[in-house]
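2 protein chains.
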Amino acid sequence: MRFKDFVMSDTTMNPLSTWVEVPKNSDFTIYNLPFGVFKNKRLSPRIGIAIGDKIVDLSVLDQEGFFSDMFLPEGIFLNEALNELISLGKTQTKKIRERVQELLLADNEKLRDHSIRGKVMVNRKEAEMLLPVKIGDYTDFYSSMEHATNVGKMFRDPENALLPNWKHLPVGYHGRASSIIPSGVPIIRPKGQFKDPDMDVPGFGPSKRLDFELELAFITGKPTKLGDSIGTEEAEDYIFGFVLFNDWSARDIQAWEYVPLGPFLGKSFASSISPWVVTLEALEHFRTAGPKQEPEVLPYLQCTSNHSFDLQLEAYIQPENVKQATKVCTSNFKYMYWNVAQQLAHHTVNGCNINVGDMMASGTISGPTEDSFGSMLELSWKGTKPVKLDSGEERKFIEDGDTVIMKGFAEKDGIRVGFGEVRASVLPAK
Amino acid sequence: MRFKDFVMSDTTMNPLSTWVEVPKNSDFTIYNLPFGVFKNKRLSPRIGIAIGDKIVDLSVLDQEGFFSDMFLPEGIFLNEALNELISLGKTQTKKIRERVQELLLADNEKLRDHSIRGKVMVNRKEAEMLLPVKIGDYTDFYSSMEHATNVGKMFRDPENALLPNWKHLPVGYHGRASSIIPSGVPIIRPKGQFKDPDMDVPGFGPSKRLDFELELAFITGKPTKLGDSIGTEEAEDYIFGFVLFNDWSARDIQAWEYVPLGPFLGKSFASSISPWVVTLEALEHFRTAGPKQEPEVLPYLQCTSNHSFDLQLEAYIQPENVKQATKVCTSNFKYMYWNVAQQLAHHTVNGCNINVGDMMASGTISGPTEDSFGSMLELSWKGTKPVKLDSGEERKFIEDGDTVIMKGFAEKDGIRVGFGEVRASVLPAK
Numbered sequence: 013m014r015f016k017d018f019v020m021s022d023t024t025m026n027p028l029s030t031w032v033e034v035p036k037n038s039d040f041t042i043y044n045l046p047f048g049v050f051k052n053k054r055l056s057p058r059i060g061i062a063i064g065d066k067i068v069d070l071s072v073l074d075q076e077g078f079f080s081d082m083f084l085p086e087g088i089f090l091n092e093a094l095n096e097l098i099s100l101g102k103t104q105t106k107k108i109r110e111r112v113q114e115l116l117l118a119d120n121e122k123l124r125d126h127s128i129r130g131k132v133m134v135n136r137k138e139a140e141m142l143l144p145v146k147i148g149d150y151t152d153f154y155s156s157m158e159h160a161t162n163v164g165k166m167f168r169d170p171e172n173a174l175l176p177n178w179k180h181l182p183v184g185y186h187g188r189a190s191s192i193i194p195s196g197v198p199i200i201r202p203k204g205q206f207k208d209p210d211m212d213v214p215g216f217g218p219s220k221r222l223d224f225e226l227e228l229a230f231i232t233g234k235p236t237k238l239g240d241s242i243g244t245e246e247a248e249d250y251i252f253g254f255v256l257f258n259d260w261s262a263r264d265i266q267a268w269e270y271v272p273l274g275p276f277l278g279k280s281f282a283s284s285i286s287p288w289v290v291t292l293e294a295l296e297h298f299r300t301a302g303p304k305q306e307p308e309v310l311p312y313l314q315c316t317s318n319h320s321f322d323l324q325l326e327a328y329i330q331p332e333n334v335k336q337a338t339k340v341c342t343s344n345f346k347y348m349y350w351n352v353a354q355q356l357a358h359h360t361v362n363g364c365n366i367n368v369g370d371m372m373a374s375g376t377i378s379g380p381t382e383d384s385f386g387s388m389l390e391l392s393w394k395g396t397k398p399v400k401l402d403s404g405e406e407r408k409f410i411e412d413g414d415t416v417i418m419k420g421f422a423e424k425d426g427i428r429v430g431f432g433e434v435r436a437s438v439l440p441a442k
Numbered sequence: 013m014r015f016k017d018f019v020m021s022d023t024t025m026n027p028l029s030t031w032v033e034v035p036k037n038s039d040f041t042i043y044n045l046p047f048g049v050f051k052n053k054r055l056s057p058r059i060g061i062a063i064g065d066k067i068v069d070l071s072v073l074d075q076e077g078f079f080s081d082m083f084l085p086e087g088i089f090l091n092e093a094l095n096e097l098i099s100l101g102k103t104q105t106k107k108i109r110e111r112v113q114e115l116l117l118a119d120n121e122k123l124r125d126h127s128i129r130g131k132v133m134v135n136r137k138e139a140e141m142l143l144p145v146k147i148g149d150y151t152d153f154y155s156s157m158e159h160a161t162n163v164g165k166m167f168r169d170p171e172n173a174l175l176p177n178w179k180h181l182p183v184g185y186h187g188r189a190s191s192i193i194p195s196g197v198p199i200i201r202p203k204g205q206f207k208d209p210d211m212d213v214p215g216f217g218p219s220k221r222l223d224f225e226l227e228l229a230f231i232t233g234k235p236t237k238l239g240d241s242i243g244t245e246e247a248e249d250y251i252f253g254f255v256l257f258n259d260w261s262a263r264d265i266q267a268w269e270y271v272p273l274g275p276f277l278g279k280s281f282a283s284s285i286s287p288w289v290v291t292l293e294a295l296e297h298f299r300t301a302g303p304k305q306e307p308e309v310l311p312y313l314q315c316t317s318n319h320s321f322d323l324q325l326e327a328y329i330q331p332e333n334v335k336q337a338t339k340v341c342t343s344n345f346k347y348m349y350w351n352v353a354q355q356l357a358h359h360t361v362n363g364c365n366i367n368v369g370d371m372m373a374s375g376t377i378s379g380p381t382e383d384s385f386g387s388m389l390e391l392s393w394k395g396t397k398p399v400k401l402d403s404g405e406e407r408k409f410i411e412d413g414d415t416v417i418m419k420g421f422a423e424k425d426g427i428r429v430g431f432g433e434v435r436a437s438v439l440p441a442k
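Chains Z and R, in that order, give the protein sequences. Using the numbering used here, you'd call the opening residue of the first sequence number 13 and step up by one each time. Using the numbering used here, you'd call the opening residue of the second sequence number 13 and step up by one each time.
Hints in this document: simulated from the structure, not taken from any laboratory.
All copies of an identical chain are treated as equivalent in the list; a pair is satisfied when it fits inside any one copy or across any two copies.
Straight-line C-alpha distance at most 30 Å; calculated BS3-like pairs for lysine-lysine:
no.	residue 1	residue 2
1	Lys-237	Lys-442
2	Lys-179	Lys-165
3	Lys-220	Lys-179
4	Lys-237	Lys-53
5	Lys-304	Lys-207
6	Lys-179	Lys-442
7	Lys-394	Lys-179
8	Lys-207	Lys-237
9	Lys-234	Lys-146
10	Lys-146	Lys-102
11	Lys-408	Lys-339
12	Lys-102	Lys-442
13	Lys-234	Lys-442
14	Lys-51	Lys-237
15	Lys-51	Lys-234
16	Lys-220	Lys-237
17	Lys-335	Lys-36
18	Lys-207	Lys-165
19	Lys-237	Lys-137
20	Lys-131	Lys-53
21	Lys-146	Lys-237
22	Lys-51	Lys-146
23	Lys-335	Lys-408
24	Lys-408	Lys-207
25	Lys-106	Lys-131
Note that the coordinates shown come from a computational prediction; the quantities given were computed from them, not determined experimentally.
Turn these sequences into a full structure, and let the hints steer you where they fit.
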């Protein structure tokens, strides 16, 4: 029985089991099998699939003929990015993932008892994870109503927190692709201009209000031509998978620069992503209805099926020299008012073309309760309510030496599928 | 005598002459020699240099050993984009351009009298020009004070047209790279949401206010690392060259979507660029002082030398079935309040990294007079003053079937260096 068959029927509760040892609460179960790009001291960059504490080296499986019936391009897995693999199309990438799942099932001896097994299964903790895709264009949406409302309350009119366009279209903007970095790479506190309310003229220096934004991003898997649009019900054909996304933000720089053309240097210094791309197929079991949209949206944004997913998202802060990270936020991807199908339909309704490897982030995902707000701006309410950490320290924003960690996972019917984490420490400004 | 020597001394007025026939008023003189990527019915994509009505096929020159002392990577000119060539660095690309200039001088017989000459010199009118670079990230600035003032007067407060940040930093935003297309490719009128003042709820359909924006863009030629910044006086080392840039805009879509995160679908449906990249070196002779900046800018934006260029920029509209295009705007690159060195210094001051092939556009360049405004929005003052065309027709915005043409050139001391043109016709919405 393969994953596909399993999730097709929620009543068929025969859990899959694997011969790989998967720790309890691992995000990388037999149901997940995300794609990533890794290297280690011995191995050059290559594509793998994560399970438990291991990585399945797909290039070795390929060399040994485990995919020979699929007629894959030579060396497809010996690649520094997933783009070429993704470009083969969903039919192929699904087949590859399902083949790996078959090979990992407890009663399948083909790899389990093969002499090559030791070479195929690489230790995750010895691997360095690279940026999984060469990112073309990057777009950031603003699709959580709670987040947009909180920001509106703080910076505009508390009585009319949402701007007039917000419930009619998924507001979004183009971001900087070059500075998207994989988990583990430290970020440097950005310098820039700011003008605090008490200043007559703008000042310059390291940002004093460095923040995270808890987001999820999808990676496009199929190109369109300039002039073409994608309908909501075909949109998921164009989505390969998802990663956690920390949209680092310098609030003081952003506040001064952003009128009238939007965020720029307050964002472009870095964005961190988790390295394992969780496929859309792996999230199928956690599909759910999104918030009711009122007023009714225009026809090109209407959906006839569910495109939201019940995924818990968490943010943690770990100060330097403190052993334990403190969870400061628990949110959920299902809070998004605008779903991924609507985002993609909107993005292309004007004929804007997409390429394989474009990244589209959700925007900060905040929930309805104060502990579900997805940024320090909201959690500390613009710095007026410091957040207490387990170490006794307090934070209004992120300080030098702090590590910010984000996690995300779905769990239902004993099935867990997760993203691992995205983490980055903050170095002082240069 | 080479170009370099020539322009180093303005008093040395010995004009260069070439054995290639260069029509009067050609933009592609012996002083220019821009790089581009072309193909034709016989030839696969390759890199050339334009002179007069010809293209010098650099791949043939290379095969014949004309660059053998430079130890260039094999097949460097048989390329679909300039990125790899540009990545060799300015020292190399300058040498290549100077070698071509030498070979084209009237008294140099090496190519002139060589049997290969016919194969090297390709007719421009038989060539199809491709996008010259694979664009990484694209940024659009907003650096003309007259343009920002006009927009501010129309949409905000006529008495306080410029926003408070405008004179302190070069306002900019990230744009969509995937939809940047070369001259000649038609654009399709975009569809989208808009909400005119008389509408209670937003509508959907083809844009009714399609506009051009007259801009120039530079292409970066040298990468930086994440965390590094570029100073104003080293910025030009990172600039390879320039192209004309038509930042197509759907004003009605833009007006409804742009708060608070900036332009998105009102821009991302297409941007057109001229195919020949005019190098920074070719523009050296036309360097000039920019507008005085008052109040004084922060130290990281201060310049000790001139980074503005005296380049005339023009926009034309040619309706369908009309033989002659009407010039609707004459502007100049020197009107930019913020120069390219300041733009690049600002862009990287927060540590944002750049790559070879990034594109940074100026924003609409408007001058002080009504005939120098660089968009229909300004020329027709928000549609209140229709622009008369030579055919007797009027335009408030761009109509289906119209072709918009932009030209740009510098001329001084009998030396002319130009961009050719960027043109695109507008097809009806799908």
